[in-house]
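Based on the provided sequences and hints, a complete structural model is requested.
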Amino acid sequence: MPDTYSTKQAMADALKELLAARPFSKVSVSELCEACGMNRKSFYYHFQDKYALLNWIFYNEYVSRLRKDADTVSDWGMLNDLCRYIYDNRQFYRRAFEVEGQNSFTDYFREVIGSILTNDMARIFGQTEHVDFFTNFYLDAFVCSIRRWLQSSEVMPADTFSGLLKQCVAGVSDYVQKKYREDAL
Numbered sequence: 001m002p003d004t005y006s007t008k009q010a011m012a013d014a015l016k017e018l019l020a021a022r023p024f025s026k027v028s029v030s031e032l033c034e035a036c037g038m039n040r041k042s043f044y045y046h047f048q049d050k051y052a053l054l055n056w057i058f059y060n061e062y063v064s065r066l067r068k069d070a071d072t073v074s075d076w077g078m079l080n081d082l083c084r085y086i087y088d089n090r091q092f093y094r095r096a097f098e099v100e101g102q103n104s105f106t107d108y109f110r111e112v113i114g115s116i117l118t119n120d121m122a123r124i125f126g127q128t129e130h131v132d133f134f135t136n137f138y139l140d141a142f143v144c145s146i147r148r149w150l151q152s153s154e155v156m157p158a159d160t161f162s163g164l165l166k167q168c169v170a171g172v173s174d175y176v177q178k179k180y181r182e183d184a185l
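Using full-length UniProt numbering, you'd call the opening residue of the sequence shown number 1 and step up by one each time.
Keep in mind that the hints are not guaranteed to be accurate.
[Stated by the list, open to error] Quick list of the computed label-pair ranges, beta carbon to beta carbon:
hint	residue 1	residue 2	range
1	Gln-48	Arg-147	18 to 28 Å
2	Val-29	Ser-152	26 to 36 Å
3	Asn-103	Gly-163	42 to 52 Å
4	Val-176	Asn-89	28 to 38 Å
5	Gln-91	Lys-179	39 to 49 Å
6	Asp-120	Lys-178	42 to 52 Å
7	Val-29	Asp-88	24 to 34 Å
8	Glu-34	Tyr-175	49 to 59 Å
9	Tyr-45	Phe-137	32 to 42 Å
10	Ser-153	Asp-120	31 to 41 Å
[To be verified] DSS-like cross-link-like pairs, simulated, lysine-lysine; straight-line CA separation at most 27 Å:
hint	residue 1	residue 2
11	Lys-26	Lys-16
12	Lys-178	Lys-166
13	Lys-41	Lys-26
14	Lys-16	Lys-41
Don't read these hints as lab results, they were simulated from the structure. Remember, it's a predicted structure, so these values are computed and weren't measured experimentally. Virtual Cβ for every residue (Gly too), placed ideally from N, Cα, C.
Shown next, in the form of structure tokens:
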């Protein structure tokens, strides 16, 4: 009998293959099970639903690696790495970000990236009562940018995209600091 990881990975591979052909909403658990030669009971033993499998893929392929490297990678390095990972799997994540409503991948993505951003915002702004506001502001911008990037007919390379994000944040920051100093004079 295959181990738990192999079983989950087989289901993940099947979902990726199915999403290459059609939207997530059109993929059933029965089709997933048939595609990887498993039964529904096995699927539900490992995952609550197909949304949990979708989230597991992101966690297993990206987040778990991120947690290992978190102390050695800069914030911008982490952004570059995330953009490269999404770009390399863009067909899959284009479909994943299309999922709407309860249990959507976007909600899970926001939760994962939000936990990182919350720490960054607390470091930047201090322990203020408005850390959640700052986090959500940047999360909204980031998630919207990624979705737009993936939906474009010509998806720009990951390094270009992450470079533009960095340029945007740094440019606005520099401008605001300059205006703040001028206004203070």
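Comparing the hints with the structure gives:
no. : hint                             : in the structure
1   : Gln-48 with Arg-147: 18 to 28 Å  : 25 Å, holds
2   : Val-29 with Ser-152: 26 to 36 Å  : 31 Å, holds
3   : Asn-103 with Gly-163: 42 to 52 Å : 33 Å, violated
4   : Val-176 with Asn-89: 28 to 38 Å  : 35 Å, holds
5   : Gln-91 with Lys-179: 39 to 49 Å  : 42 Å, holds
6   : Asp-120 with Lys-178: 42 to 52 Å : 22 Å, violated
7   : Val-29 with Asp-88: 24 to 34 Å   : 27 Å, holds
8   : Glu-34 with Tyr-175: 49 to 59 Å  : 55 Å, holds
9   : Tyr-45 with Phe-137: 32 to 42 Å  : 40 Å, holds
10  : Ser-153 with Asp-120: 31 to 41 Å : 32 Å, holds
11  : Lys-26 with Lys-16               : 13 Å, holds
12  : Lys-178 with Lys-166             : 18 Å, holds
13  : Lys-41 with Lys-26               : 20 Å, holds
14  : Lys-16 with Lys-41               : 20 Å, holds
When the structure is compared with the earlier hints, violations turn up for hints 3 and 6 and for no others.
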